[in-house]
Amino acid sequence: MKQSYSFIYFFLVFVHSLSAQINSLPDFGSPADAIMTVSQEERLGRSVFAQILNSGSINENPIVDEYINSLGKNMGVYAQDGEFNFRFFVIDNDEVNAFALPGGYIGIHSALIRLTEEENELAGVVAHEIAHVTQRHISRTYLAQQENTIFALATMLAGAILASASNSSDAAAGAMMAGTAAMQQGQINFTRAMETDADRVGVQILYKSGFNPLGMPTMFEKLSRISSANRSIIPEFLQTHPVNVNRIAETRSRANEMRGDYAESTENYLIVRAILEFESFELPDEARSYFESNLRMSGNNQKDLYGIILSLLALNEPDLANLYLSDLVSMSSNLIAITDLQARVMSENGQTDEAIALLANNLSLSPRNKTLTLQLAELYIKKSKPELAHDILLDLFNIEMPTPNNIRTLANYAYQMGSSSLSRYYLAEYAISTGQLLNAKIQLESVLEEEDLDISDRDKYQARLDQVIEALGQS
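Per the working numbering, the very first residue in the sequence shown carries number 1469; after that it's consecutive.
Errors might be hidden in some of the hints.
[Claimed, not checked] The calculated DSS-like cross-link candidates involving lysine-lysine, where the alpha carbons are at most 27 Å apart (straight line), are:
{"hint": "1", "residue 1": "K1851", "residue 2": "K1838"}
{"hint": "2", "residue 1": "K1838", "residue 2": "K1541"}
{"hint": "3", "residue 1": "K1928", "residue 2": "K1909"}
{"hint": "4", "residue 1": "K1850", "residue 2": "K1838"}
{"hint": "5", "residue 1": "K1690", "residue 2": "K1541"}
{"hint": "6", "residue 1": "K1690", "residue 2": "K1676"}
{"hint": "7", "residue 1": "K1838", "residue 2": "K1853"}
{"hint": "8", "residue 1": "K1853", "residue 2": "K1676"}
Worth flagging that the hints you see were computed from the coordinates, not collected in a lab.
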């Protein structure tokens, strides 16, 4: 309940400040800059992204996160001159959709990735969203529909309030996501000219990035077939990005003009699809049946081998998982995702020391890799070595911003180390990261009551408490 009200407060303040900016910004230069500069777009996008992250909707699997950011940022290089600092993320959602927030924050629903069959199809959607950002379509639409923008925010607030009244955290999260989507694109309907512009620029991005530009019209056709087969199911992507026959034909015509040698789908793409397909099943037995059926029809392939190994580990059948792993390793290059899976299978087969050695060796080659570090920390915990687990995570998060869940993990490890004060400090940081400032104040005050605190730690905790009190006063 408190989280949803902090969300409501954030957007009440935002509506007020946005209205003020609309009335006060000078009217010169780019029409998009008149309503929102690139810097303002980034701040707005970052704020909305933080709310989505705190809702627990973003897929935090490090393999998935690393892949989608590598894919998107590599493509973004060919789309701009460094004006935008892109951040890509996958949302666990069964609605087929993708969207762009102001400032270069781009979300892809897991259902859309599962729908793709080739990497160039996914890249086509990503390129299209990148184009919306670089062409400043979002700011231009804010400029053209200022009243509708405020209405969209008001609708979102109403949804959050109603969800809060229902005492359902799921309903609150759902209302927030629905409201956020309304602000993003539901109430900001891109014009036909903007969609054509995003198609044109997106196809060029695909081509320059080494992807077959036909991936974009192919994906559009696939989405259209879904809605044609069942009129009651219109992919959310098509609701915010209407596609017609002429648009598909124009995109295909542009793509056909670009000739080149295009790479096959990468191994990392196939593994991410396997992970998302596995996670889409409620029961590991169902996932196992799905991947086994695919293997019978298609023979050994990396996606389904990876998926069935995940299923067998979830079913506590590591011996059988090891048999499939041999086939997977023989047909794969030395990928971090494969090393991670090898370590998991080893550990489940009672070879935890060997798994730790494997991860440590690979981390010497790829220092502070998030996937390997998180896995190694879990194995240290399994070996009752919380100090080592804590230290390697802290080292990682000194260079990479932790998610709220990462901070909560640090709190758990500190507790297992026997350091209650450090654990409560992390819990305070977790509360801050999720907007629960009052809870953070209580945690920090509790820590400072301990008499045996180190002087430097006491000063650090007091300084953090002062910051929280100041923020509470401003709110």
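Comparing the hints with the structure gives:
| no. | hint | verdict |
| --- | --- | --- |
| 1 | K1851 x K1838 | 20 Å, holds |
| 2 | K1838 x K1541 | 18 Å, holds |
| 3 | K1928 x K1909 | 14 Å, holds |
| 4 | K1850 x K1838 | 18 Å, holds |
| 5 | K1690 x K1541 | 25 Å, holds |
| 6 | K1690 x K1676 | 23 Å, holds |
| 7 | K1838 x K1853 | 19 Å, holds |
| 8 | K1853 x K1676 | 48 Å, violated |
Of the numbered hints listed earlier, the single one contradicted by the structure is hint 8.
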